[in-house]
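Asker: Spelled out from the first residue to the last, the chains are:
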Amino acid sequence: MTYIKSGLPQKLDAQFNLYHNASATIANDEAITYADEDTSFGKSFSLSRSGAQFTLPVNGSTYYLEASIVYWHTSYPTVNYNYAVTCWYDVTNSAYVGIQSNICSGFNISEGRSGNIVADETAKFATSGGVYELRLKTTSGMLTAVDTPSGSGYGYVNARCLIWRF
Amino acid sequence: MSYIQRSATNANTTPFDVGKMSGNTAVSGRQIFDTFNAPWLSVNTSTGVISADTAFFTEACFSPNSNTYGNSRVGNSTGSTLHTAGQIMPESSTSSAGGSGRGDDIAYYYSASHYPTWLYAGNTATAPDTDLSHIKVMRL
Numbered sequence: 408m409t410y411i412k413s414g415l416p417q418k419l420d421a422q423f424n425l426y427h428n429a430s431a432t433i434a435n436d437e438a439i440t441y442a443d444e445d446t447s448f449g450k451s452f453s454l455s456r457s458g459a460q461f462t463l464p465v466n467g468s469t470y471y472l473e474a475s476i477v478y479w480h481t482s483y484p485t486v487n488y489n490y491a492v493t494c495w496y497d498v499t500n501s502a503y504v505g506i507q508s509n510i511c512s513g514f515n516i517s518e519g520r521s522g523n524i525v526a527d528e529t530a531k532f533a534t535s536g537g538v539y540e541l542r543l544k545t546t547s548g549m550l551t552a553v554d555t556p557s558g559s560g561y562g563y564v565n566a567r568c569l570i571w572r573f
Numbered sequence: 003m004s005y006i007q008r009s010a011t012n013a014n015t016t017p018f019d020v021g022k023m024s025g026n027t028a029v030s031g032r033q034i035f036d037t038f039n040a041p042w043l044s045v046n047t048s049t050g051v052i053s054a055d056t057a058f059f060t061e062a063c064f065s066p067n068s069n070t071y072g073n074s075r076v077g078n079s080t081g082s083t084l085h086t087a088g089q090i091m092p093e094s095s096t097s098s099a100g101g102s103g104r105g106d107d108i109a110y111y112y113s114a115s116h117y118p119t120w121l122y123a124g125n126t127a128t129a130p131d132t133d134l135s136h137i138k139v140m141r142l
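Same order as they appear, the protein sequences are chains C and H.
Heads up: the first sequence begins at 408 in the working numbering, then just goes up one per residue.
Heads up: the second sequence begins at 3 in the working numbering, then just goes up one per residue.
One or more hints might be untrue.
Restraint ranges, calculated between C-beta atoms of paired labels, are given here [said to hold, decoys possible]:
(1) C:T446 x H:V20: 43 to 51 Å
(2) H:T56 x C:L454: 45 to 53 Å
(3) C:N500 x H:T47: 25 to 33 Å
(4) C:G558 x H:N46: 28 to 36 Å
(5) H:V20 x C:T469: 16 to 24 Å
What the hints contain is simulated information worked out from the structure, not anything from laboratory work.
Built from N, CA and C at the ideal position, the CB exists for glycine as well.
Throw the hints in and build the complete structure from the sequences for me.
Answerer: Laid out in structure tokens, this is it:
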């Protein structure tokens, strides 16, 4: 029979970087830049980035990337049934990687009522290293920004990008 | 020195948990996450605060128990920023419902003390679907 010492809850050996303040040129295949990093949680790690690109060093760590945007539009209330797709992009190999996201417009009627638009709003990818950026893969045409402008009211949130290191 | 028997599902040692709402514990009229397995996590049913002796990361998913219209924000009641909050927009056939933007549903937070709750609810039901509402917990 195997025993372990009691009273020692395990911890996950991980750190995370949280980026926000997203912007992009609104067109298919454009990179999304997160301008700011939130280091207030004290679990961040050093990571090189330039513009939209994150350079993840190959050093035995595993990185888990998850990012979301805000589908923002200024054509209220005529934006029903529109959406945007984001996906992580391998810059070195010029290829989309991971699980793409799909985010609908702000109208409730648009989510789940217009064909194939229900999906996770977060693009995900796991890797041992490389150069990656989040891209606006496709949009149905009504998107005007990938983040909520400041002072937009109580119900809204902001885009964010989490990069985990395990 | 005391010992416990090792188990593959030993809740005393795992750094992970998924909490739920029983639907029977409300703070300020809103149901809280009150059901956990990890013994290193405690719930204050008077305040809705979940806490541990060290910091942990959470991903909170809220779901109303009815479809309506509106635009709601969820997150940690203290220190929450818009980039850690989640946005809840239940499906509706009301064509004029909603707003100008839509973000991720999930609320993030990292601390030794959390109070994940509805921060703002504009014409959106806050009574939970207790099957769908959940909170992932990871001890880092």
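Asker: Could you run down the list of hints and mark each one as holding or not?
Answerer: Hints versus structure:
For the pair C:T446 and H:V20, the beta carbons lie near 28 Å from each other, so the given range of 43 to 51 Å is not met. At roughly 24 Å, the beta-carbon separation of H:T56 and C:L454 lies outside the given 45 to 53 Å, and the hint is violated. The hint said 25 to 33 Å for the Cβ distance between C:N500 and H:T47, and at roughly 52 Å that hint is violated. At about 34 Å, the CB distance of C:G558 to H:N46 agrees with the hint of 28 to 36 Å.
Taken as a hint, the range 16 to 24 Å holds for the pair H:V20 and C:T469, whose Cβ atoms sit roughly 22 Å apart.
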